[in-house]
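Q: Sequence:
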Amino acid sequence: MLVGLISDTHGVCDDQVIHAFRDAGVEHVVHAGDVGHHGGHAEVLEWLAPIAPVTAVRGNVDDGPDVDLPQHVVLRLAGWTMLVLHIAGMPPKVSKEAQALIALHDPEIVVTGHSHKYSVEKCPAGRLFINPGSAGPARFKLPRSAAILALTETQGEAKTDWKKFLAAWHRKGSLFIACWPHCVIHSQTQT
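In my numbering, the protein residues as written are 6 to 196.
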C-alpha cells in the first residue's frame, strides 16, 4: 500500500505533489498538520481528496471556527499502526505529548510535521519517525518536500521503481523523499 505523506502546506498545494501522488498510485494521503494558515485548509483537503482518502490532523496554525481536525490520529494501514500528530519532534528529542501517545498506542510509525524539515529516523526499537517536511510555500531556506511510504504486510520489497520515480521528480527541480519501513531513499535538488 502506498501512502502519500504531506505536511505544512499552509493553504497551498503544489501541483507537483498532486501529480506525484497520483502517478505513484498513492492509496491513502496523510497530512500531518498546518493544512491551512489561519484559514484555507478546506481548499488543500479538496485538492488532495481526488487522489485517495485523506486523513489530516490539526497543526498550530489550523485555527478558526470552521476547522474540524483532530489533534492526533491513529491509523491502521496494511497491518501497520501509524500515529499522526503535528508537533512530535524527532528522536532523540520527542515531545512529552508524543511520548505519551506512543506509550498508549505503540505505533510502528510516527508521522509528524511542524519543523518544515524532512527527516526519517528509525529508532533502535524499530519505530520509524517520518517528517515529510513542508509541501507549502518555501520557508526557512528549506526545500519543499513530501513523501511516499510503501507499506507491505509481508515486509517485502516495494514493487514501485523508486529510482525511476525519483529521477523524474529530480528533473522537475524539487525535493522528494520515498521511504518505507525497511529502506529509505531520498533525492534532493536545489530549489
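Errors might be hidden in some of the hints.
Okay, the calculated beta carbon distance ranges per label pair [unchecked claim]:
| # | residue 1 | residue 2 | range |
| --- | --- | --- | --- |
| 1 | 145 | 69 | 21 to 27 Å |
| 2 | 43 | 84 | 33 to 39 Å |
| 3 | 131 | 102 | 17 to 23 Å |
| 4 | 73 | 111 | 34 to 40 Å |
| 5 | 127 | 101 | 28 to 34 Å |
| 6 | 32 | 79 | 17 to 23 Å |
| 7 | 70 | 142 | 23 to 29 Å |
EDC-like, lysine to aspartate or glutamate: derived pairs with alpha carbons at most 20 Å apart [claimed, not checked]:
| # | residue 1 | residue 2 |
| --- | --- | --- |
| 8 | 122 | 51 |
| 9 | 98 | 73 |
| 10 | 127 | 113 |
| 11 | 98 | 111 |
| 12 | 101 | 73 |
| 13 | 98 | 113 |
| 14 | 122 | 111 |
| 15 | 98 | 126 |
| 16 | 101 | 113 |
| 17 | 146 | 68 |
No lab work stands behind these hints: they were computed from the structure. Just so you know, even glycine gets a beta-carbon here, dropped at the ideal spot from N, CA and C.
Q: Run every hint past the structure and note whether it holds.
A: Outcome of the hint check:
The hinted range of 21 to 27 Å is satisfied by residue 145 and residue 69, whose Cβ atoms lie roughly 24 Å apart. In this structure, residue 43 and residue 84 meet the distance hint of 33 to 39 Å, their C-beta atoms being roughly 38 Å apart. Taking 17 to 23 Å as the suggested C-beta distance range, the pair residue 131 and residue 102 conforms, at roughly 22 Å. Between residue 73 and residue 111 the Cβ separation comes to about 27 Å, which falls outside the hinted range of 34 to 40 Å.
Residue 127 and residue 101 have their C-beta atoms about 22 Å apart, which leaves the hinted 28 to 34 Å range violated. For residue 32 and residue 79, the hinted distance range of 17 to 23 Å is satisfied, since their beta carbons lie about 18 Å from each other. Between residue 70 and residue 142 the C-beta distance comes to about 24 Å, which sits within the given range of 23 to 29 Å. Restraint check for residue 122 and residue 51: not satisfied, since their Cα atoms lie roughly 24 Å apart, outside the 20 Å limit.
This hinted pair does not check out: residue 98 and residue 73 have alpha carbons roughly 29 Å apart, beyond 20 Å. Proximity of residue 127 to residue 113 is assessed by CA-CA distance (about 10 Å); at most 20 Å being required, the pair is judged to hold. Between residue 98 and residue 111 the alpha-carbon distance is near 18 Å, which keeps this suggested pair within the 20 Å criterion. At most 20 Å may separate the alpha-carbon atoms for a hinted pair to count; residue 101 and residue 73 exceed this at roughly 24 Å.
Using a Cα cut-off of 20 Å, the hinted pair residue 98 and residue 113 holds, with the two alpha carbons roughly 18 Å apart. For the hint pairing residue 122 with residue 111, the CA-to-CA distance comes to about 25 Å; that exceeds 20 Å, so the pair is violated. As the CA atoms of residue 98 and residue 126 are separated by approximately 12 Å, the hinted pair is consistent with the 20 Å bound. A hinted pair counts as satisfied when its Cα atoms are at most 20 Å apart, and residue 101 with residue 113 qualifies at roughly 18 Å.
Restraint check: the Cα-Cα separation between residue 146 and residue 68 comes to about 25 Å, which exceeds 20 Å; the hinted pair is violated.
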